[in-house]
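A.B. asks: Each chain, written out:
Number of protein chains: 2
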Amino acid sequence: MKELKNLMGFRESIRVVDATLRDGGLVNEFRFSDEFVRALYQTNLRAGVDYMEVGYKADRDIFDVEQYGKWKFCDDEEVRKVLDPRDDRLKLAVMADVGRCNFRRDIRPKDESPFDLIRVATYAHQIPGAVEMVEDAKEKGYEVTCNLMAISAAQESDVRVALEMLCRTPVDTLYIVDSFGALFPEQIARIAELYMEFAEKYGKKIGIHAHNNLQLAFANTIEAIGDGVDWADATYAGMGRGAGNCPMENLLGFLRNPKYEFYPALQFCSSQMLKLKEDGVKWGYDWQYLATGLQNEHPRSAIAFTKADRRDYLEFYRELVVHD
Amino acid sequence: MKELKNLMGFRESIRVVDATLRDGGLVNEFRFSDEFVRALYQTNLRAGVDYMEVGYKADRDIFDVEQYGKWKFCDDEEVRKVLDPRDDRLKLAVMADVGRCNFRRDIRPKDESPFDLIRVATYAHQIPGAVEMVEDAKEKGYEVTCNLMAISAAQESDVRVALEMLCRTPVDTLYIVDSFGALFPEQIARIAELYMEFAEKYGKKIGIHAHNNLQLAFANTIEAIGDGVDWADATYAGMGRGAGNCPMENLLGFLRNPKYEFYPALQFCSSQMLKLKEDGVKWGYDWQYLATGLQNEHPRSAIAFTKADRRDYLEFYRELVVHD
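Taken in sequence, the protein lines are chains U and R. Each number in our numbering comes from the position in the first sequence (counting from 1) with 1 added on. Each number in our numbering comes from the position in the second sequence (counting from 1) with 1 added on.
Keep in mind that a hint or two might mislead.
It does not matter which identical chain is meant; a pair holds if it fits inside one copy or across any two.
Here are the computed lysine-lysine pairs in the DSS-like style, where the Cα-Cα straight-line distance is at most 25 Å [claimed, not checked]:
#1 Lys308 - Lys283
#2 Lys276 - Lys308
#3 Lys308 - Lys278
#4 Lys71 - Lys308
#5 Lys111 - Lys92
#6 Lys206 - Lys141
#7 Lys206 - Lys111
Keep in mind that the hints were calculated from the coordinates and are not lab data.
Chain U on its own, in the form it takes in the complex:
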């Protein structure tokens, strides 16, 4: 059981990462207005958020630039146009997927870019690619995190090998990523214990990125924090792929470090996030995501169900579990 003192006091080492533009961008093809992004930046500053992830460094040779907003590609110049001048208290992050980013070309040395942190995202079978990207980003002067995705569907022995390989790189923080939103807090506790074992041995930090398929994104995030995980991802109104993420406003309401402020988060939700919802952008917990979460499956079928405006949840569930 976690201790009362952990709940009443706080750890200085906690870091909050706003992933609204990045994970939320998966919902609306990264079509955020400049005004929205600037308001988000100011909100994060006032709320004491430590990092703002503004999107992906996606490879233009793979993804059609016409199909997405600019936060899918996050050109250094485009980001500067919207967010300069910046404030040192809020660092900027960008995500780069193994195999979907031309990192040698598109990630410039840190002193030439607006970014402080490169977040490498990898599946367990792509670790050598992730190692290469971590080393490249470190050489270019960045802080580097690595998100090991979809671990609820990976073999624990594979995860151990992956952690061992990643810990031998200069990566700063390794993330527990519940891509399918399939994990219960008890499992998060055990996984955190495993990651912390490596973190302590190699001097790394651990992070948590949760999804809300089971209505447990917030619960799993604070479970992980109680287990010693220092980095926590959240998004305003929980905006993110499918069932969405841990809501920033809940996380800020939970954290006891007085640098974190709930009020600006609620202000942003009640103005900007409410408007997105009213404009028809759809994300968040619903029964189709519960179904894929309980099945420990990628939510793509549930996302398609949502996009098609279907309401026949039972038929969806049958499609999911009835295989020939």
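Following the hints, complete the assembly by docking chain R onto the known chain U.
C.D. replies: Chain R alone, transformed into the frame defined by chain U:
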């Protein structure tokens, strides 16, 4: 940390209570159609639910019968008209509030009533009234539980005294009730430890009734189960006062005892509960409930905000925290 074996295996002693009509009734003035109630009963049977709470035994001298559906009063005859014949595998429960129920008149001996279980609900300052009702119900032949409400706002020393007094009655099960939806899982763990201490000493069972103000109703329920709490309340689609309760479909998806079935729950949600939502019955997590939950306040102001169709969340929060 709770053990893997608890998650993969199951405890035979777990009991699931469907509180849809009772806590959900607080949302729609207990106006459920007979067809809805019968479908709910059949769903609970198929899903392996152990108890179905059908409403309140409210005092007609206090509450206007014109203002509510019949599940507010749960006359034995009215309940029989809708639910006979019954099946022994699914027991019927009814709630009686201290000070709002004429229990001597309205609760008949068990062999004359359709009910198996009387659920006495009390605040910490009403314990002598609760003791009287527990003893009366036991004498009449019922199983009896006692819900000690709003404990997040009670002094721990008062809770100890209340538990001591209630444990000396013949009550079977004592409930942890987070009426304000203000508790985090770490707090649930500590409260469960306190209740379990009394339970072990006096041979009682412990139950959990959670609210979803912080998006933690499901998380707090499974936290409590992991801590040794055997009785868990849930409602379909989480229907209940304000932010609602632990969703039955999530709980059934979590429990590993093969007697509990997820499929009938989803079927009921996608037919009956979806219809209620589409008809405009409003409940469930939203920012106004997060605000009262974080403030550890009764959600009545948030419920009024919801009923008034207000969307000015920030102004609501100001009203909540700015006092002269």
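A.B. asks: Run every hint past the structure and note whether it holds.
C.D. replies: Here's how the hints hold up against the structure:
1. Lys308 - Lys283: Classified as both; 8 Å inside a copy, 24 Å across copies.
2. Lys276 - Lys308: For Lys276 and Lys308, both the intra-copy (19 Å) and inter-copy (20 Å) Cα distances are at most 25 Å.
3. Lys308 - Lys278: Close inside one copy (14 Å) and across copies (20 Å); limit 25 Å.
4. Lys71 - Lys308: Answer is within; shortest intra-copy Cα gap is 22 Å, inter-copy 40 Å.
5. Lys111 - Lys92: Classified as within; 12 Å inside a copy, 66 Å across copies.
6. Lys206 - Lys141: within (20 Å within a copy, 60 Å between copies)
7. Lys206 - Lys111: within (21 Å within a copy, 60 Å between copies)
Every hint, counting from the list given before, is met by this structure.
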